[in-house]
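Student: Sequence:
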Amino acid sequence: MGRQVQGTFSSGNAVEIRGSIERIVFHNEENGYTIFRLRPEKKLDLETLVGTMQNPQTGTQIKAKGQYIVHPKFGRQLQMESYVEERPSSAEGIRAFLASGCIRGIGPKWAEKIVSRFGGDTFNILDNEPDKLLEIPRFGQKRLTAVKISWAEHQGVRELMVFLQEHGIGASFAFRIYKHYEKHALDIVKENPYRLAMDVFGIGFHTADMLAMKLGFDSNSLLRAEAGLLYTLMELSGEGHIYYPEDKLVERTSGELNIDSNLVAKALLNLEKEERIVLDELDDHKGVYLYRHHVYETKIAFYLKRLLNSPRTVCFKNAEKSIDAVLAKMNIELAEEQLNAVNTAVRSKIMVLTGGPGTGKTTILNAIIKVFQSAGAKVLLAAPTGRAAKRMTETSGVEAKTIHRLLEFSPKEEGFGRNENNPLACSLLVVDEASMMDTMLMYHLIKAAPMGTTLILVGDVNQLPSVGPGNVLRDIIASGTVPVVELVEVFRQAAESDIICNAHLINKGELPYLRSGLRTDFFMFKQEGGEECANLIVDLVKNRIPRKFGFSPEEIQVLCPMTKGSTGTQNLNKELQKALNPSMLQIVRGDKVFKLNDKVMQIRNNYDKDVFNGDIGSIIIINAEDRELVIRFDERNVVYAFEELDEVVPAYAITIHKSQGAEYPVVIIPLLMQHFVMLERNLIYTAVTRGKKMVVLVGQMKALAMGVKNNKIRKRYTWLAKRLACDERLLRADMLPFAMDKREERNQDVSDNYDDIEFLQPIDEEIIFYDDYE
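If you want the working numbering, it's the 1-based position in the sequence shown plus 205.
Because the hints were derived from the structure by calculation, they are not lab data.
Watch out, some of these pointers could steer you wrong.
[What the hints assert, rightly or not] PhoX-like, lysine-lysine: derived pairs with alpha carbons at most 25 Å apart:
{"no.": "1", "residue 1": "Lys-800", "residue 2": "Lys-453"}
{"no.": "2", "residue 1": "Lys-388", "residue 2": "Lys-504"}
{"no.": "3", "residue 1": "Lys-337", "residue 2": "Lys-314"}
{"no.": "4", "residue 1": "Lys-747", "residue 2": "Lys-814"}
{"no.": "5", "residue 1": "Lys-814", "residue 2": "Lys-800"}
{"no.": "6", "residue 1": "Lys-753", "residue 2": "Lys-797"}
{"no.": "7", "residue 1": "Lys-731", "residue 2": "Lys-897"}
{"no.": "8", "residue 1": "Lys-917", "residue 2": "Lys-907"}
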């Protein structure tokens, strides 16, 4: 039932009460906790009820059961244990119900028209003959479609909600469950409630487990052990792991489920037989993979090796002459390490280009692109996020796309249009911000790369790894199987920026150089307390930075190490919204308030809407009548039903992890000891390198020093580096300076998992050997 109300029970007996909801006093979308006023049948006085409800609406008829309590402050209330929605029978009740907005497409105006036309027969019309609504003037087909869908959802959710309530599960989950399974929702929940934990966003294993127990599932059942194992693996993939050692997984799962480890081991074997997991021998231990993750990792290794051993479609008769001609036309002179990067790209099938800010990655990329174009090559550019792709387009003059769009992803076709059977048409494929690519995305990209293409992965390996599971760029580098050019020299013009100089100092484990005055672009405001820090950040965004430097608040992005706390994203978004957005047009969803003109961010991939985790936009329309709002992402308008807003959060302040691949004119970074769990060098380095014109740190020097000194990278269990390194014919790793640093991490005796694959013999020795770069 959610949060319990403190008070004295006035009676030990449960009571039943019928009536219509007159007013919603409070409703929390996250847990369904609701306080509302009910007008009981045949009574004049309103009653106060407290309990868990899903999407409560004024005008709704309900039958509630519970016990009266006497609250020390608010007096007599009914502590609601369960409730059932009942359809109002009178025309006035029906009108009030529809006017409440619970059905998309019907607000007060249309409710009046519908009930005026159909009276007490309205619900029968909606159930059996909804097309009759078109008889109402100006009630169009588009509105009818929305009403049909919403009415079906409402009925399905109502049935599911009743079932969940009977088994002690909060009604707030009903809409999410129904949305995922649609008309099959109730049957699936009854058959295997554990599926909820793996399929439905926001429902954890413990909620599904509680429901299963109430449905009579045995706590020592094999089904529970299997579901617990799969859920644990999914949780571990959320921490970045592609696999997990078998012994550690069994120990963790048996501990969390409080069941015998032998039952967990039996569940492992069952799941392996069903091909839902893979148990793989990895040197001295067994790794447990979700089936799809094993496919991703092994296939990435296969496709990369195949690409390395295939002939190029573009060959340069005189590479040096081609490069010189392009550089002369661009009117630039490259430093030695930059020229080395261009030469390596021309002679390689796959290359990694890595380096920090100010080292000339953009200049080198533009030169490489033009060299390949001069030889008639078709060039494709891509990046994991829309923001990174847009920036790539601006700096190169060549259109870049997100990897999803490049691969022609279509949710309706259930997958990527480009793959090994329909590969990309290109001779050069360049991927920027490659450190952000997780294993799944790399798998789909590399299998769509034509064998003749040259692949260049560009990224700063010192930034945070991908949000999704895997460590693709680091693993490829560590394998020693492809040439890696690491840029370290910061060029004069870039060196004039304190942002760039300090980013490199941080990367070396040294504290940034802080100086006062206006002749710097890197500032630190020392502040000890969290509340004072939050207040200062609001003042900086609203007043001080715009007044002193001319940047508008829209150009300033606050980047936080964490979501919780006084300087976490949740609190700062509330405070910044109050300070920056005076709009009175708003909707409240749980503890989030969405206002017209708010800056917001998508927090999960939604392929139907073609918006992705980390995309930032602004709310341009709030339509209470249709229970929808419109968010503008770049040049696109995307419609969200109010019920879909759990995918969106305010974005005046975002986490540093969510900022990857983006640049902002100004960034403000709170750093306090309360963030100590997250204070790591690559986190601070990533945040600082997001600032293009100004970086402002706010907080404690002790926290900054702690983060800069902490270079302990959290281990992610992956095996891609070893899989790539298992065939030493591809490249002599000791010829790569970068790979030399990684030699101890490699195992030279990894068995080749691809004995059944006949690799193409190398045709051009330049693809395989790099003696010139020893």
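Student: Are the hints correct? Go through all of them and say.
Tutor: Here's how the hints hold up against the structure:
{"no.": "1", "hint": "Lys-800 - Lys-453", "verdict": "violated (46 Å)"}
{"no.": "2", "hint": "Lys-388 - Lys-504", "verdict": "violated (36 Å)"}
{"no.": "3", "hint": "Lys-337 - Lys-314", "verdict": "holds (18 Å)"}
{"no.": "4", "hint": "Lys-747 - Lys-814", "verdict": "violated (33 Å)"}
{"no.": "5", "hint": "Lys-814 - Lys-800", "verdict": "holds (21 Å)"}
{"no.": "6", "hint": "Lys-753 - Lys-797", "verdict": "violated (32 Å)"}
{"no.": "7", "hint": "Lys-731 - Lys-897", "verdict": "holds (22 Å)"}
{"no.": "8", "hint": "Lys-917 - Lys-907", "verdict": "holds (18 Å)"}
Against the hints set out earlier in the document, violations occur for numbers 1, 2, 4 and 6.
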